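Asks: Sequence:
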Amino acid sequence: MVDMDVPQAADGGTPDPARVDPALLDRLAARQAGHLAVWQLVMLGVARSSVTELVSRRGWTRVHRGVLRVLGGRADDMGQLWAGLLCVAGVGGPERATSRLLEGGDRVAALAAAVSDVAVVTGFSAGWLMGIRDNPPAVPQLLVERETQVRGRPVRVVRSRRASDDLRWIDGVPCALPHRVLWDMAWIARRTGRAEVNVADAAVHLDRLRVLSMDEFLGAVADPLSFGLPRRVPRAMVRAADRVRPGFSHSETEARGRAIIREVLAELGLDATTRPYLLRDGAGAMVGEMDVAVIDVQWGLEVDGPHHDAPSVARRDRRRDEQVRGVDGWEVTRYHHTLVEEEATFRGRVRTDALDMLTRRGWSRAA
5 MVDMDVPQAA DGGTPDPARV DPALLDRLAA RQAGHLAVWQ LVMLGVARSS VTELVSRRGW
65 TRVHRGVLRV LGGRADDMGQ LWAGLLCVAG VGGPERATSR LLEGGDRVAA LAAAVSDVAV
125 VTGFSAGWLM GIRDNPPAVP QLLVERETQV RGRPVRVVRS RRASDDLRWI DGVPCALPHR
185 VLWDMAWIAR RTGRAEVNVA DAAVHLDRLR VLSMDEFLGA VADPLSFGLP RRVPRAMVRA
245 ADRVRPGFSH SETEARGRAI IREVLAELGL DATTRPYLLR DGAGAMVGEM DVAVIDVQWG
305 LEVDGPHHDA PSVARRDRRR DEQVRGVDGW EVTRYHHTLV EEEATFRGRV RTDALDMLTR
365 RGWSRAA
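If you read the sequence shown in this note's numbering, its first letter stands for residue 5, the second for the next number, and so on.
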């Protein structure tokens, strides 16, 4: 909570009480992980000459040039992201904020949107927010307009033209769109040996979450201008597309495998979902997506394509399966795509697993 008493300005004057609303500062700080930019304070009516005394009296911390962390603000990875965004938005942010405030509407939303007009999170930082990576990079990675000056600021930037509304909010943080995130991951990691693998794994993960389909990813590589990307696609992104193209998650083999599973379950009198099933925990957070789910017996069935053979994807699958098993007794069974080609064997395996599951759940044996 900001909960401030507006101090008297150093020059003896005080800000206009009608212009200073502590509740607005409170809301804005909460929206930005407990961080405020000096230019935002000024926009909300705090005299610039009052800022130093405000920081001293309220126990706020100067994080970067022109960026403050309120008492109790987050000093974790999320806080670091917002501190970097606000620091970069100090160049151009006030002008964008003035324009948005003149349009009317909620002032807090306008100030937050002004930040996103200047910079959005991208690359591996956005990958962390999307759940692609376990940890964010040490320095926030941001996408900014070409002319934005960031010298001396604690961020790494990708400079490119972009539309101001070309973004997605994730956990309250402005992020680049998924295909742009993958492009920037490839560009940032272009001199490393894992750029291709990182982008391919991220594309598969986003495809499974239905955030960015594999067709869209391949389309962005083939025709980047149609997706608002630079003409010259990073080599690692091209190689990543080649890596996943032969067997991405919606291949004919996997689709056939899911159809067979549903047929076998129907023969046993079990109702299976006809669309991917999003499993959520008690708090409503998404834990995982099932190719096929039998909700009545809390059982998910997966058909894994070739990309699941990659060690990084296999590790992610194991972590996700552990999370699934922690939700109200749910269980998950995986089948390799090569088993689908042996249809009789595959049908028998699914039937045996289903009968075993019914027995363990205490259900009467199906026909």
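No lab work stands behind these hints, which were simulated from the structure alone. Note that the structure is a prediction, hence the values are computed from the model and not measured. Built from N, CA and C at the ideal position, the CB exists for glycine as well. Don't take every hint at face value.
[Said to hold, decoys possible] Computed Cβ-Cβ distance ranges for the label pairs, DEER-style: (1) ASP313 <-> LEU222: 43 to 49 Å; (2) ALA259 <-> ARG198: 29 to 35 Å; (3) ARG260 <-> LEU75: 57 to 63 Å.
Asks: Evaluate each hint against the coordinates.
Replies: How the hints compare with the structure:
1. Between ASP313 and LEU222 the Cβ separation comes to about 20 Å, which falls outside the hinted range of 43 to 49 Å.
2. A hinted range of 29 to 35 Å holds for the C-beta pair ALA259 and ARG198, which are about 30 Å apart.
3. Restraint check, ARG260 to LEU75: a C-beta distance of roughly 59 Å satisfies the suggested window 57 to 63 Å.
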